[in-house]
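Going down the list, the sequences are from chains A and B. Okay, so the first sequence: first residue is 1 according to this note's numbering, each after it adds one. Okay, so the second sequence: first residue is 1 according to this note's numbering, each after it adds one.
There could be a bad hint or two in this list.
As the list claims (entries may be wrong) - Stretches of chain A that chain B covers, calculated by requiring three or more beta carbons in the stretch to come under 8 Å of a beta carbon on chain B: (1) 38–48; (2) 101–108; (3) 112–123; (4) 128–134; (5) 153–160; (6) 190–197; (7) 216–229.
What the hints assert, rightly or not - If you anchor each label on the Cβ, the simulated ranges turn out as follows: (8) Ala250/B with Asp77/A: 32 to 38 Å; (9) Glu218/A with Pro193/B: 55 to 61 Å; (10) Pro431/B with Pro117/A: 34 to 40 Å; (11) Arg214/A with Thr338/B: 45 to 51 Å; (12) Pro117/A with Asp381/B: 17 to 23 Å; (13) Arg343/B with Ala237/A: 37 to 43 Å; (14) Arg228/B with Thr7/A: 26 to 32 Å; (15) Thr7/A with Leu86/B: 42 to 48 Å.
None of these hints come from the bench; they were simulated from the model. Positions of the beta carbon are idealized from the N, C-alpha and C atoms, including for glycine.
These are the residues of each chain, in order.
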Amino acid sequence: MSAVQETLQALRRSIAAIEPAASEAGRRFTCGAPAVDGLLGGGFLRAAVHEIFAREDADAGAAAGFAAALAARAAADGRRVVWVRQGFSVAETGALHAPGLAALGLDPRLLVVVTGPDATCVLQAGAEAMRCPALGAVVIEPWGDPKSLDLTASRRLALAAEQSGVPALLLRIAATPRPSAAATRWSAAAAPSRPLAANAPGHPAFDITLLRHRAGLEGRRWRLEWHREHRLFREPAPLSRPVVSLPAGRPAAPDLAPLARTG
Amino acid sequence: MLGLTPGLTLADARARIPHLVAVDMDRAADAALLARLADWCDRYTPLVAVEEPDGLVLDITGCVHLFAGEAGLRRTVMQGLARGGLTVRGSVAGTPQAAAALARFGRKALGRHDIVPPGEEEMAVRPLPAAALGVSPEVLLALTRAGLKTVGDLAERPGAPLAARFGADLPIRLARILGQEDIGISPRRPLPPCLVERRFAEPVAREEDIDAALAGLAHRAGRILAERGEGGRRFEAAFFRADGRVTRLAVATGRPTRDAAVIMRLFRERLAALADPLDPGFGFDLLRLAVTACEPLGESQVSLDGRMVEDEEVAALVDRLGARFGAAAVLRPAFVDTHIPERAVRMVPAARLDDGGTAPPCGWPVERPADPPARPVHLFDPPQPIEALAEVPDGPPLRFRWRRVLHEIARAEGPERIAPEWWRDEAGEEPTRDYYRVEDATGRRFWVFRQGLFGEAPAPRWFLHGIFA
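Using the sequences and the hints, build the whole thing.
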């Protein structure tokens, strides 16, 4: 089977070489918000590791939602997504809820959830999954700052991603950002949503910061809203705020004509 | 030698040997030893049955040519067991019952038969006492009183009166022991559909040699499966150590396979994940690979878009992860048609990627796609108790405290009332739940519910059930 598959990959590569535009699209996946994609040079690199930190421990849900939404974007062509979690994360932040992921736009039929007893196992399973080029995305979720997740381990993940072309989303809950081999590093937090009718919570909103970008600017901050119907992120219009009411007897804008000197 | 025989009372034995050491019988240890011996006997035939409390029955049909005939096989087994310090009696006969009776009750005086030629069972067992039939003590007593003391006495009589007087069981036992009826044995392990093995003249202990031998077996098994048009779903490798210990390792695949490379990769994962590594001791003298579950597997056609290849690869990945971390660690959500959130999804082993019709064909139902998600990303099971302040009777909480942090609610939606399923037995006591989607002042979204209604007993309690993105 591997010979057949090598042939297919070679064919795909040669086709990709003929079509430069398509190859660029194959190398990246977008998040849907032009400002973010533009800064990243056309979207998230597929063959790379993207680290997503929860800004605070309580932002675990927001970070997981951000990762799930990105995985849904990366695996939009119906490839499978492997989500590797640590047993402790399940106790601490709850189990992944398939109907909730479905509601976000990540099809649970494509999902394989691997649970490891400790961070080392999580990273091992993640690296093993990263070597399988047939996946759409791999989410790796160790808890905290494990010793085993050092520069070497993240470098190993990055190499696996380069070889297979599968994006790795390294989801870091209760962790502090440290140097790693990730192409981009994000900090995600929940943001107040735009309320619907009757003050109901609106679409999931995220406050994300680009902490590190290997090939460009960093330190930018956005407020993104996930529209699950279209499966894309959007930058919402700025929140409406009260403006100063217009004076009754005068024009709203100052008169640009110079005043005539009198007397 | 010492004048001691089985069945002797302890007082009598002490009278003969005053310094006798008496130890309580340990049935569990006896059974464990017997199981180990049965494991060891697996090397002679895959069909080994345990006859409690002290017997082993080996079905050696089609195996004897490997050991220079029946006599050679019997000698090899007996010598092997004798080396272990055991006193063994063994017989070879046409039926397991005849062989067992001869081994247990055969005596030199009665014309001992270690190996009974085919068709001569009747002659061999005739001199044996009636106890060799293995009937209950009452029936044995009745037989003795009737003067039927040997198997031969019974064999001459017609079956119907015997059945009428001593139970229908007796003629059947008689037929089996006389070799007239063969029901075979009930082996400890079912006979696998495909079995290959490799014997070594000298025990091997090097890891590379073991790996190479196992790979060779995988190739042979693959060829046998290919001839049958089948693929294996479960493989079991048995490592027979020279000192008699047997280690068995099993791997399972999500799809039938006969690719030796795939099988070997799984076994290597499995070996790497062993908490207690495969200890070769003085070396292994026999390696056996059994395919314990087979399924039809035709030659496959690769579809042009390569999607099938991808499915194969994902299936192989799931198998590898399952071999290393255990099948229970690699799961896939399966849809359950219920409104109770914690039961709405069942995690099933991912080894079967086609979900067997559990998921609806059109995907998971998502209500009102233009609205925000109605279900959380993370779900707590069991729900986490919280202290909440809410308007009576069915207002959303104004603030709640969870894990010592106070959350001021800025937006809320609800209630979504989920009643217990009355058709389930335990549902009778469960109160109704009112679910609210709430967002606190910092923008974090939670799924909380009130269990029970105001004005009902017991007083309603609040829980946090999930976290939204």
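So, going through the hints one by one against the coordinates:
1. 38–48: violated (count 0)
2. 101–108: With 6 residues closer than 8 Å to chain B, the segment 101–108 of chain A meets the three-residue bar; holds.
3. 112–123: holds (count 6)
4. 128–134: holds (count 5)
5. 153–160: With 0 residues closer than 8 Å to chain B, the segment 153–160 of chain A misses the three-residue bar; violated.
6. 190–197: It holds, with 6 qualifying residues against the three required.
7. 216–229: Answer holds; 3 residues pass the 8 Å Cβ test.
8. Ala250/B with Asp77/A: 32 to 38 Å: holds (36 Å)
9. Glu218/A with Pro193/B: 55 to 61 Å: The hint (55 to 61 Å, Cβ to Cβ) holds, given that Glu218/A and Pro193/B are roughly 60 Å apart.
10. Pro431/B with Pro117/A: 34 to 40 Å: With Cβ atoms ~36 Å apart, the hint holds.
11. Arg214/A with Thr338/B: 45 to 51 Å: holds (46 Å)
12. Pro117/A with Asp381/B: 17 to 23 Å: holds (19 Å)
13. Arg343/B with Ala237/A: 37 to 43 Å: Roughly 40 Å apart at Cβ, these two residues keep to the hinted range, so it holds.
14. Arg228/B with Thr7/A: 26 to 32 Å: holds (28 Å)
15. Thr7/A with Leu86/B: 42 to 48 Å: Since the Cβ atoms of Thr7/A and Leu86/B sit about 60 Å apart, the hinted range of 42 to 48 Å is violated.
Violated hints for the displayed structure, listed by number in ascending order: 1, 5 and 15.
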